[in-house]
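Enquirer: The listed protein sequences derive, respectively, from chains V and W. Going by this note's numbering, 206 is the number at position 206 of the first sequence; the sequence numbering is gapless. In this note's numbering, each residue's number is its place in the second sequence (first place is 1) plus 1000.
In case anyone wonders, no lab produced these hints; they're calculated from the structure. Please read these numbers as outputs of a predicted model, since none were measured by experiment. Be a bit skeptical, because a hint or two may be false.
Unchecked claim - Listed next, the stretches of chain W that the computed footprint assigns to chain V, with coverage defined by at least 3 CB atoms under 8 Å from CB atoms of chain V:
#1 1185 to 1195
#2 1203 to 1215
#3 1218 to 1226
#4 1237 to 1246
#5 1267 to 1274
#6 1334 to 1344
Claimed, not checked - One-sided and incomplete, this derived list gives chain V residues near chain W with beta-carbon spacing under 7 Å:
#7 P209
#8 G225
#9 V340
As the list claims (entries may be wrong) - Here are the simulated lysine-lysine pairs, DSS-like style, with alpha carbons at most 30 Å apart:
#10 V:K175 to V:K8
#11 V:K158 to V:K175
#12 W:K1175 to V:K267
#13 W:K1181 to V:K288
#14 V:K173 to V:K288
#15 V:K288 to W:K1173
#16 W:K1173 to V:K262
#17 V:K181 to W:K1288
Where a beta carbon is used, it is the ideal one built from N, C-alpha and C, also for glycine.
Number of protein chains: 2
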Amino acid sequence: MRTELCEKLGIEYPIFAFTHCRDVVVAVSKAGGIGVLGAVGFTPEQLKAELDWIDEQIGDLPYGVDIVIPQKYEGMGDTSPEELEKQLWSMVPEEHIAFAQKLLADHGVPEWPDGTKSMGLLGWTEATATPLLMEALTRPKCRLIANALGTPPADKVKMIQDSGRLVGALCGKVKQVKAHKEAGLDFIVAQGGEGGGHTGDVGSIVFWPQAVAAAEGVPVLAAGGIGTGQQVLAAMALGCAGAWTGSLWLTVEEAHAEPAQKESLLKASSEDTVRSRSWTGKPCRMLKNDWTEAWAAPGNPEPLGMPLQGLVSGDGIRRTAKYASVGDCQKVAFNPVGQVVGQINQVESTRNVVFRLITEYVDALERVNSLMPEA
Amino acid sequence: MRTELCEKLGIEYPIFAFTHCRDVVVAVSKAGGIGVLGAVGFTPEQLKAELDWIDEQIGDLPYGVDIVIPQKYEGMGDTSPEELEKQLWSMVPEEHIAFAQKLLADHGVPEWPDGTKSMGLLGWTEATATPLLMEALTRPKCRLIANALGTPPADKVKMIQDSGRLVGALCGKVKQVKAHKEAGLDFIVAQGGEGGGHTGDVGSIVFWPQAVAAAEGVPVLAAGGIGTGQQVLAAMALGCAGAWTGSLWLTVEEAHAEPAQKESLLKASSEDTVRSRSWTGKPCRMLKNDWTEAWAAPGNPEPLGMPLQGLVSGDGIRRTAKYASVGDCQKVAFNPVGQVVGQINQVESTRNVVFRLITEYVDALERVNSLMPEA
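So here's chain V without its partners, still in its complex pose (with noise of 0.2 Å):
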């Protein structure tokens, strides 16, 4: 299953392995895939501590990092991040504030031990994501950008190609296919409903084949529903040219997690997702639990749009992963997780999942070659 895109990124297998585990990053690349870092959560302080480390263990391996660059968003305009994040800070009731608080607390979520808050504005906007993209440019080894939401700005599409890298992006609708194009973008990642974290609602069977024909020749990673070698066959037969997977890796021996975080991945099926706008505004699919059913009845705040709900969430964020495995905090945590997660119900190592996927794939297409008439 070599594409183009393999030897451009001098890689074995195009399977794209989003993780916000450097770990997972170098394994997966390692194993022939590429790995692709979550920059989002990370100061740029932190980034360029997790680049130094995979740039130290992946040898001449190639590896990518993925942004959040939104086109638009309320307060959009504005540039200095502290004057950005004050005047987004205002625009926030003290209603959700106290409801996302109360959630903790009656869920035995501990505060921070200083007693304060960390509400901080994730890489969510132009003006926190671009010091992060800079960081990742000064890395040689790193051969792609990838933007999790939306088309990025064109002088960001043009810096990284300039530098020789492979810019791409996310998308769940075929409008955003086709303005994806219209940039220039070297390659376009096909998200189904199926799929974890910030999804549509067209189903990977249906849309992969419409971001194909939308495409019209630029490479269509698939996303949304692939744990498999059978599923990244599915997605080969619907004409892209490779997977990008992203739950597969949140629970294998490489990476980080509370066990607590992890054992709600292995126990969850996949009718236990939501679609859900309470952690970042937009629709995003996660484990469904407490804090996603309060922000859906009736009555309660509704969430805001991004990135105003990300400073209301923020704070839980942060307390829930790290005191992930304290009382009720699972009720309470962020899992974003794709339909697929009801398929992984055992720890692999990163070098197995890669494996398997290949054996699997070459297995099952023998199996439809063996259903044709001459075999």
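Using the hints, position chain W against chain V.
Expert: Only chain W this time, still in chain V's reference frame:
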């Protein structure tokens, strides 16, 4: 792509076409697949007439009949259709009837010429479905029976199998697959959330392989999101034994439908469908319109369960079908269809659709094979 089910049914391709139109049934079987007539909208007398016609036209080829026998429904236990219906009517709030009738009136949907309402129960209970099944079992060329909703009762499974026919049923959840397998069904139709009509919310790409695993060797037909041969190949890659298609046949040349209804379908995108309980009482995917929006809006009556909501909506189903092109009928019409509707933009002959599926399948398989190192 010949599978065991093909042998058992004496068909060329494992393409199962669910349709309410007898002409489509015959044309699909003649093209090498198998047509399956949806019987739920017919009285036993009407079904007799349809099957007479099919038997006359189809030569020696096989076909199937699809019925709806829910295992559980409100009012279950009553047996006489008349008594059951009377009892069910007593459970329907006046408010719901008034709300439905006002929606129809507000959109200029004509009343019946004689001023009557046609509010009768559709064949959605065991009492109403049994006579339909008995009629189908008198036809030697009817080689399969499918239950559109839930595992058929054990006595019906036995009756069908003892008659030498295959029996199967649809489902959208793994636990339903297991129930079907336990009941000894001959095949299981696994429908992803993309599909039209009654559907769960797990996407096809995730649900199909889970269904195949849970079916433990019972053949699984893939439903939900199949409109091209590439999508059939994706289903086969995921271990399915064939494709169960529905939306694809709504707009073919042979399909009986008012021009306005075909037009609504041909121009719809994949984002124009919604899962709604507003017609049948169970989540069912259909074109989004004023009717579905009204029943979802806060403050309005909430849809009742099955089959009560069918009593509320039955008159609307029949009037909007009869007067499909009048006034704003399409805005309150029942148009069950899957997300694949976005791929269907032109009228084709049934025969061409079947041949297109096969050609696309073969081409896609060749392309995938060409990506392997040996090629």
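Enquirer: Could you run down the list of hints and mark each one as holding or not?
Expert: Structure-based check of all given hints:
1. 1185 to 1195: Satisfied; 3 residues make the cut.
2. 1203 to 1215: holds (count 7)
3. 1218 to 1226: With 3 residues closer than 8 Å to chain V, the region 1218 to 1226 of chain W meets the three-residue bar; holds.
4. 1237 to 1246: holds (count 3)
5. 1267 to 1274: n = 3 at 8 Å, threshold three: holds.
6. 1334 to 1344: With 5 residues closer than 8 Å to chain V, the region 1334 to 1344 of chain W meets the three-residue bar; holds.
7. P209: With a minimum Cβ separation of about 6 Å from chain W (threshold 7 Å), the hint on V:P209 holds.
8. G225: holds, 4 Å
9. V340: Check passed: Cβ of V:V340 comes within 5 Å of chain W, closer than 7 Å.
10. V:K175 to V:K8: holds, 27 Å
11. V:K158 to V:K175: holds, 22 Å
12. W:K1175 to V:K267: It holds: about 16 Å lies between the C-alpha atoms, which stays within 30 Å.
13. W:K1181 to V:K288: This hinted pair holds, its Cα atoms lying about 29 Å apart.
14. V:K173 to V:K288: With Cα atoms ~24 Å apart, V:K173 and V:K288 stay inside 30 Å; holds.
15. V:K288 to W:K1173: With Cα atoms ~17 Å apart, V:K288 and W:K1173 stay inside 30 Å; holds.
16. W:K1173 to V:K262: Given pair W:K1173, V:K262 holds - Cα atoms ~24 Å apart, limit 30 Å.
17. V:K181 to W:K1288: holds, 29 Å
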